[in-house]
Every structure is written in C-alpha cells, then in structure tokens.
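> Chain by chain, the residues run as shown.
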Amino acid sequence: MTTTIDPTTRRVPRLGGLNLTVLRIELTRMLRNRRTIVFTFVFPAALFLAIGSGAGTDERVGHGNVAAYIMVSMALYGAALTAAAGGAMVATERAMGWSRQLRLTPLHPAVYISMKALIALILGAVAILVVNVVGLVQDKASMPAHVWAECAVLTLVCTMVFAALGVFVGYLVPGENAMQILGPGLALLSFLGNVFIPLDSGSTLWDIAAWTPMFGVAEVSRAPLTGELPWYAVVNAVAWLAVFVAGAAWRMSKDTARV
Amino acid sequence: MPPRCGSIVGMDLASLPDDRTTLGRPSGPSAAAIRLRDVTKDFGPVHAVRGIDLTVEPGEIVAFLGPNGAGKTTTLDIVLGLSQATTGTADVFGLQPRQAIARGLVAAVMQTGGLLKDLSVRETVAYMASLFADTRPVDDVLAHAGISGLANRKVGKCSGGEQQRLRFAMALLSDPALLLLDEPTTGMDVEGRRAFWAAIRADAERGRTVLFATHYLEEADQYADRIVLMRKGRIVADGSGSQIRALAAGRTVRATLERADHGALSRIDGVESVEVRGDTVLVHAKDTDPVARYLLTQTSAHDLEITARGIEQAFLALTGDHGDDTTATLEGGTR
Numbered sequence: 001m002t003t004t005i006d007p008t009t010r011r012v013p014r015l016g017g018l019n020l021t022v023l024r025i026e027l028t029r030m031l032r033n034r035r036t037i038v039f040t041f042v043f044p045a046a047l048f049l050a051i052g053s054g055a056g057t058d059e060r061v062g063h064g065n066v067a068a069y070i071m072v073s074m075a076l077y078g079a080a081l082t083a084a085a086g087g088a089m090v091a092t093e094r095a096m097g098w099s100r101q102l103r104l105t106p107l108h109p110a111v112y113i114s115m116k117a118l119i120a121l122i123l124g125a126v127a128i129l130v131v132n133v134v135g136l137v138q139d140k141a142s143m144p145a146h147v148w149a150e151c152a153v154l155t156l157v158c159t160m161v162f163a164a165l166g167v168f169v170g171y172l173v174p175g176e177n178a179m180q181i182l183g184p185g186l187a188l189l190s191f192l193g194n195v196f197i198p199l200d201s202g203s204t205l206w207d208i209a210a211w212t213p214m215f216g217v218a219e220v221s222r223a224p225l226t227g228e229l230p231w232y233a234v235v236n237a238v239a240w241l242a243v244f245v246a247g248a249a250w251r252m253s254k255d256t257a258r259v
Numbered sequence: 260m261p262p263r264c265g266s267i268v269g270m271d272l273a274s275l276p277d278d279r280t281t282l283g284r285p286s287g288p289s290a291a292a293i294r295l296r297d298v299t300k301d302f303g304p305v306h307a308v309r310g311i312d313l314t315v316e317p318g319e320i321v322a323f324l325g326p327n328g329a330g331k332t333t334t335l336d337i338v339l340g341l342s343q344a345t346t347g348t349a350d351v352f353g354l355q356p357r358q359a360i361a362r363g364l365v366a367a368v369m370q371t372g373g374l375l376k377d378l379s380v381r382e383t384v385a386y387m388a389s390l391f392a393d394t395r396p397v398d399d400v401l402a403h404a405g406i407s408g409l410a411n412r413k414v415g416k417c418s419g420g421e422q423q424r425l426r427f428a429m430a431l432l433s434d435p436a437l438l439l440l441d442e443p444t445t446g447m448d449v450e451g452r453r454a455f456w457a458a459i460r461a462d463a464e465r466g467r468t469v470l471f472a473t474h475y476l477e478e479a480d481q482y483a484d485r486i487v488l489m490r491k492g493r494i495v496a497d498g499s500g501s502q503i504r505a506l507a508a509g510r511t512v513r514a515t516l517e518r519a520d521h522g523a524l525s526r527i528d529g530v531e532s533v534e535v536r537g538d539t540v541l542v543h544a545k546d547t548d549p550v551a552r553y554l555l556t557q558t559s560a561h562d563l564e565i566t567a568r569g570i571e572q573a574f575l576a577l578t579g580d581h582g583d584d585t586t587a588t589l590e591g592g593t594r
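Chains as they are written, first to last, in the numbering used here: chain R, 1 to 259; chain E, 260 to 594.
If we strip away everything but chain E, and leave its shape as in the complex, we get (with noise of 0.2 Å):
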C-alpha cells in the first residue's frame, strides 16, 4: 500500500470524470492533457518513480512540489516522452508523447540550457519555428515575448533574463496546448512575476494546460488550481492549495507535564494525537483551546506553547523523510 495522505488523494481522484472510454482513440476533445497510470521508472537499482497516477485535464494549472530526488523531472521527462517509463502508460491528449510533441501539442521551459550561443535571438525563432508544421509567425512571437528589439543579437550576448524570455518565446511557437516548466519565475522580480503568471492564466482560458515544477510553496498555493506533491518517488498529496493547507490545519500544544494523563487528554474533543515524551507532553488538535484550558485548569502543566502549521510546514510534514507512512509525518511536523 503506497503511502498516500487519503482523504486527499482519494477525494481527488474520487471526483474526476472516468473517460476511460477515450483511451486509445485519436486525441479527442474528451482526451486528458496527462493521463500516466501506474508509471515506474527504475535507473539500474534506482527506484526513482514508483508507481503514479495523474490525470490533468485541459484548461488545468497544475503544481509540482516535491524535494530534490522526488522524482519530478523523470515523471515530466517521461511525459515530454524524453524517457520510457520502466512500466505504465503515459498519454498526453490521448496520445504517445513523442506524437505530442510531434503535432507541437507539447512544450516545455527549463530553467538553464537548450539555446546556442552563436545563433542570433531571430535565427534561433527562425529554427525552432520551421520545424512545427503550423506556426504563429516569428516576428509576432518576438513581440509577444517582448525581444523584438534584440532580434539580431546574439544569444550569448543576452542576459539571463532575456535568454529566458526568448526560452519563453520557442515554446510558445507551435500554441502548445501542454505547457510544462520547470522554475518559470526564478530570477523575476515581484512585477515580472505578477506579469508572467496573468500571462498563463489568460491562456489556460483558452484551453492551455500548465504543469510547473516549483519550490516557491506561495506561488504554488497563489496561482496553481491544484497541488502535486511528491516525495521518494511517490504523489503523496493532491489537491487544491487550501485542501493541502487544511492538512497543515489544527495546531500543536505542548507544555511539561509530569505524569500526564494520556487517556484524559485524548478524551478531549477535536484531539488527533497526543504524545508523552518523558516531562513533555505534545497534543495535536483541530482546536486547541480545550486542550489549553484542561491543561492549566485540571493540570499542573506550565511552560504552555501552542504553535500552528503553514503550509511550508505541510510541504516538509508530507514531504519529508521521516518515515514511510505520511499519516504519521503529518502528526510529526512540528517537532
């Protein structure tokens, strides 16, 4: 039994249409941006995924968090079709990946890399466009992006952000309706970000597909409709921003206390766990004003701290190597 916060992932999964009927048609207006099922994906002995599912629908922004070694850049190669997966099936719109990207449905941004010096910024648009069989027009994707005026430059004489924009600006190319990047804002200020993500927005209106790799959990929780976290090669959680905050929800107690009452404690309505380690005593409740009032009116508790969870707490709770069952993580998180 993989280690699943449940109430998440089951509500998720539990709430999307089944079209199981699309599969193996042509793509279909029907057809999941990403459908990968039960996808492993081993390097030798390396177990770097270990079995996801993951639908996104067209329209969706989705992000992913995970800490290094999670797993997310094999599970996006392998959706770009830039790796097999060991085992599983991996669909975008309904098709292979490499018919994707083949039909320009696909794109995707990485952060370093992937652009040639000694090509000037038009020439590098040039090339990239008269590889699609549709295209929108090189000077307008230029002026979209905002390079018309460094069109002639070379690419190593532009600075990081303006080889960002231009990265921006091949894959932009063919309209993909699947738009994969891996830390689109780092380096942006407050502004560019702001600008960047009222950009995405405006096109997932019209249908596009966003699924972006991030570390910025505020960013994540502001601007994705839903939130994959992974962690050792596994989807621990999925949800919304505010399903993944309500795992953080509640609060801890804990005080020192000699000889405490584990059973009273317990008892006490709204309490998740309570643990006794030698003089210190930590309650974890959805309310702990009851906790608080037993504690310093029936007890001879003192030293009284009550800390909350953010969802930075959730993110390292569910994501942290503390143990192979998330439920139990969870209740670990604010130690």
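So that you can see chain R by itself, here it is in the shape it has in the complex (with noise of 0.2 Å):
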C-alpha cells in the first residue's frame, strides 16, 4: 500500500471475469440452501417412488415401461424447479443491489447471466441424476441404455425454458417470494404437462393441457422412449421458451434503465 498508483498498468480479465472461483462459490452457495436440496434431491426422487412403484409400472410403453416414464417425468420435474429456482436467484440479487456491486466489476452482464444459466442446469443435471439413480436402484424401470441416455440429454435442455421462467417470475414478484408461486405453479403445470398423471388423449383437459409449457417439453423429453414426437409438442417447448426468454430479457431491459 505504499506504492503509487498507476492507472496505465491496469489490465483488463480474460473471459469478461468468468473464473472458477465464482463457479464454485456460486455451487456450494446453492447447495448450501435447504430448500434448493429439497426441491432438487428429495422432492422429485419421493415423488417418483411414491407414483413410479405401484401396479401397472412394468406395462410397457414405446421401448421401455411405464416405471421408466414416470422417471423422466420426475426428473424433467424435479430439473425445472431446480432451473426455475436457479433463474428467480437473478432478481433476487437484483433487488438486494449485488447486480449493481457486480456491475462495478470487469464480470460482464452477459457472462452474469450465461453463469448463472450454467449453475441453473448443473443443478438442473444434479435433480436429473438423482432420480435417474434412483430409479436405477429401485430397479423398476427399464429401457435401453442409449434410451435412458438420450432422454436424460433432452431433459437437461428442456431445463433451460424453465431458467427462464424463473428470472420472469422472479421480476414480476421481487424478494423471495418468488420460489412460492413458482413452487405450486410448477407442480400445476407439471400435472397439465402429462407429468404427474397420464391425461385422456381427446379429452376437453388435454385439449387445454396441450397448450401449456409443461406438455411440450414433457413430450420432447419422453420422445426417445415412446418413439413418437408430435410436431405440437416441438412447437409448443420452442414458443414457450421464447414466450419466457422474451419475458426475462423484457423485464431485465426494464430493470437496468435505473440500476
């Protein structure tokens, strides 16, 4: 502290400021938070043991069973509230002014949020993996490796419109509260999506339940396993994946007019 200071030998960070130690602070910071574990080990992974074990689960369905469906459901589940989480974080360090800390550093915006979206989906890959081992275990559901493989994969992509999501909702409603109606909101759309139980195809339900985010991605999670994928499905996770980036991009421009 005694040397003068230069401002002619500054440098600028490589990577905007993306480093490790903010990766791995932001981890353990997640994984610190009881309700992040909740939702992201032991809801989705419960929730699958209690619908994924009872009679009829060894039914086939496309290449695998019905033990093996319910599983990605659980898992896609249990990746978007973990993602959704993950996204509504980004208001809420918004409103606590550490937006505006970060903004007095090199970190760029962009790589901000790209981290933030990274940590989302390695969450989102930890919830994923959880019911997946699980399942293995419990050794009810069955399919074929590449199967399990890809759906996994799928799942983890789908994870991203629900990272969006989040940082929307977590615009519209500041603080904490956010997780509270993403929470119930989820598991709504979850049982509209397909997730939870199998809708009648035809019925008025479904003809509604079609047209809600949790069914697109649900059926593009599940095509390598039933074999089928319906182009609605396809456009449904894209529309709503814009709706949502859309959304966030919308209210985040709103916000830093006056950071």
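These aren't lab readings, by the way, just hints derived from the structure by calculation. Nothing here was measured: the structure is a model prediction, and the numbers come from that model. Treat the hints with care, since some could be wrong.
Said to hold, decoys possible - Here are the simulated DSBU-like cross-link-like pairs (lysine-lysine), alpha carbons at most 30 Å apart as the crow flies:
hint	chain 1	residue 1	chain 2	residue 2
1	E	LYS376	R	LYS116
2	E	LYS376	E	LYS413
3	E	LYS413	R	LYS116
4	E	LYS491	E	LYS545
5	R	LYS116	E	LYS416
Please dock the two separately framed chains into a single complex, following the hints provided.
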C-alpha cells in the first residue's frame, strides 16, 4: 500500500471475468440452501418412488416401461423446479443490489447471466441424476441404455425453458416470494403437462393441457422412450421458451434503465 | 446562461490546466481522473442533469454536495458507467467509464445493499477478487479492513458497521485509482470518522482520487480539497471550503426604520445590497460596522440585528429553491 497508483498499468481480465472461484462459490451457495436441496434431491425422487412403484408400472411403453416413463417425467419436474429457483435468484440478487455491485467489477453482464444459466443447468443435471440413480437402485424402470441417456440429455436441454421462466417470475414477484409462486405453479403445470398423471388424449382437459408450458418439453424429454414426437409438442416447447426468454429480457431491460 | 456562482466557478475552471490534448489517448498519467463535458441526463420529461462540466485531477478529494434531487446520484452513475449520459461525454482516466471499470480503476461504496446475506465475509471478498485481473490478496484485504475475525461469518449476521467495513474491503480490492463514496461516514462515531479520513487522505497522497457525496457540510469543509455544489441538475459552486465559505462572508444588518434612504445606505463602503420592506431595512455588507454606525447615529433606526452566515447558510443559499439566479439567492440567504 505504499506504491503510487498508476492508472496506465491496469489490465482487463480474460473471458469477461468468468472464473472457477466464482463458479465454485455460486455452486456451494446453492447447495447450502436447504430449499434447493429439498427441491433438487429429495422431492422429485420421493415423488418418483411414490408414483413409480405402484401397480402397472412394468407395462410396456414404447422402448421401455411405465416406470421409466414416470422416471423421466419426475427428472424433468425436479430439474425444472431447480432451474426455475436458480433463475429467480437473478432477480433476488438485483433487488439486493448485488447486481449493481457486480456492475462495478469487470464482470460482463452477459457473462453473469450465462454463469447463472450454467449453474441452473448444473443443478438441473444433478436433479436429473438423482432421480435416475434412484430409478436404477429401485430397478423397476426399464429401457435401453442409449434411450436412458438420450432422455436425460433432452430433459437437461428442456430445463432451459424453466430457467428463463424463473428469471421472468423473479422479476414479476421480487424478493424471496418468487419460489412460493413457482413451486405450486410448476406443480400445476406438471399436472397439466402430462408429467404426474397421464391425461386422456382427446379429453377437454387434454385439449387445454396441450397449450401449457410443461406439455411440450415433457413430450420432447420422453421422445426417445415413447418413440414418437408430435409436431405440436415441439412447437409448444419452442414457443414457451421464446415467451419466457422474451419476458425475462423485457423485465431485465426495464430494470437496467435505472440500476 | 446557466445560473452559476460566477466568481468561484470561473476562477476554478480557469486555474485548471488545459489538457485537451490528452483526450482520445488511452489513459496516461496526465489524463484527468474524471472529465465530464456538457453532460445532460433526461429520464423522460425529467431533466435530472442539465449540463455539467467537471474535471477532477488525480489525487484530489472532492466533496459532492446538494439536496436530494439535485442530480448527484445520477452524475455518479454516469461516472460509474451505470447510466448513459443523454448528451455530452464522460471520461474516466481518458477512458469510457465501462473500460475504466473493466481495468479495476474505479470503485464505489454505497450506503446500503450490494451484499449477499448467505455468503460468508471471506466468500464475498474472494468472489469479488476473482473478477479482477489484478487484486490484492484476500487475507491482506480482510486484515486491512479489520474483519479477519469475521471471515467465516455469514454477511447476514454481521452488524451494519461490519457490513460497511466489508463494502470498503471490496472497494479497495483492485486498488482503484478513483473511489466514489456515498455518505461514507454515516453511523460512524467521531473516532471512526477521524481514522477513516486519515486512511482516505493517506491513499490520496499515493494518487487515489476520491469523490464523496455527503450531507455533512463540516465534513466536506474539513476533509475535501474541493467542494462541488449541485442544485437542480447544475453545478452552482465549485471551489475549496474556504472559497465556499467566502461566498457566505459578510453580515446582514436588519433594522426598523421609517422612510429609509436607500441611496445613502447603498453608498456606504462595502455594502452589497439594500432592501427595504415597509418599515424594515436589510443591508448586506462585507463590513457591517459602518452601516450600523450610520443607522444608529444618522437615522432613527432601532431594533438593530446583525447576523453572520455560516457554511450551512451558504449551502442553503446556493442550493435552496429561492429562484433561478444564484446571486439573488445568495443575497437572500439570511432572510
């Protein structure tokens, strides 16, 4: 602290400030949060055990059985919840002035959002992994190994939709209340999205459900297992991703007008 | 013509070296720490900043004074690159504000917020440190800020004073060449305040520039090399503490007097203004003794009152909402 300050010698960090220390701290931070642990590890696995071990779960569906179908669905539900929670954190951090603090560092805003998305994806992957491991241990789900892997990867991709939803809802409902809306909200969407209970194709409920955000991604995630991918499911998934990303971007741009 | 306190602003700007030639060059030793040129900022129909020219040289300690809504925060946001000027340019060490931030040249300490409650003190500092290309070691920074003992405590469990020390530790991580402070000593006791300013002064001697917003006029007078007063989006005075106080020099004589002779009073040496309101006469003068002598010996004036203006009144006079012309408000300061 005795040397003279020379403004000409300063450097800009590489990668817009992205580094492993930050990723490590962000990750430990998420894993320390009891609510995240419950949503990510406990709840989806417990639901799978509750629903996926009843009668008729060894009936064949596509390339596997009903237990496998339920397992993929529960993994999606867990990953969606986790990613949404991660997304909502972005808004919470803005409300606390942390984003403003970060704007006074070399960290590029796009790097910050990408980093949050990465953390959401990593935790989503953990949620998917937990349900799959429980499925393996329980030994009721059956499908070819490559189908198993394809379903898991597709589920992870679909998780992005809910990371965007989390950011969007986080802005609409600031503070820590976002998860109190996202939790029950995602449960309802999962019910409508054919994730918890199969809806009768052609029923009025099904006609409504086909338009809801969980429906498309659920069909996409299970496509390797069921062997079918209806065009409207893909349209649904892409459209909702666009809606949530646009909503999040819109709220975020409103917010940065006066940081 | 913007309302300015002509003498002070004029003198100050004229005394600054004209280093226009350094503009456009990447930062060099001769680049000003802050250079604002004709900066305006509108929020829809609201004109928050109405044309500011301000140059701060490296190593200066500048106090930023003004009532709420004067445009101080907006101006600081522009210097920090958090907000874009509607018109005009802002340079920090000859760079765009964002470029200066990316090099760790600028740091700011805000009064509230900016912390995550679920991180520990060490995690917070390590997080921030990892974002800069060059930083001081985390443990050194913690020790320097006197929070080594709290390293593993969650930020949410720290007291307000401890959180403020943490904010300082974070701001000093990159050894910034420009430090912006918002009400830095709020909540500090006298001893803490003295120690704080001693540290700031020591850093300024190494070349660190400090710009702080404060409501404590005495603090501005005591610790700043220079005071910049803002009102309604404009700089209304810019000078040293003694120059600002000089604005308030002189006294006002108030007396009850029927049919006061306006001309005779105006002709007394040192009289700056004379105002007659019914039976009351107000005379503002550098030296009020001759005025008082005249009133008491040559007229039937009675109930004489002589009042001096402190820096508080100078501040109120310069920043108060008395009208559009600052010179007029100066004269009205003791009303």
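> Next, verify each hint and record whether it holds.
Tested hints:
1. Distance hint between LYS376 (chain E) and LYS116 (chain R) is fulfilled; the C-alpha atoms sit about 18 Å from each other, no more than 30 Å.
2. Restraint check for LYS376 (chain E) and LYS413 (chain E): the C-alpha separation of about 6 Å stays at or below 30 Å, so the hint holds.
3. Of the pairs offered as hints, the one joining LYS413 (chain E) and LYS116 (chain R) holds, with about 21 Å between alpha carbons and a cut-off of 30 Å not exceeded.
4. Of the pairs offered as hints, the one joining LYS491 (chain E) and LYS545 (chain E) holds, with about 28 Å between alpha carbons and a cut-off of 30 Å not exceeded.
5. For the given pair, LYS116 (chain R) sits about 25 Å from LYS416 (chain E) by alpha-carbon distance, which is consistent with the 30 Å threshold.
The structure shown violates none of the earlier numbered hints.
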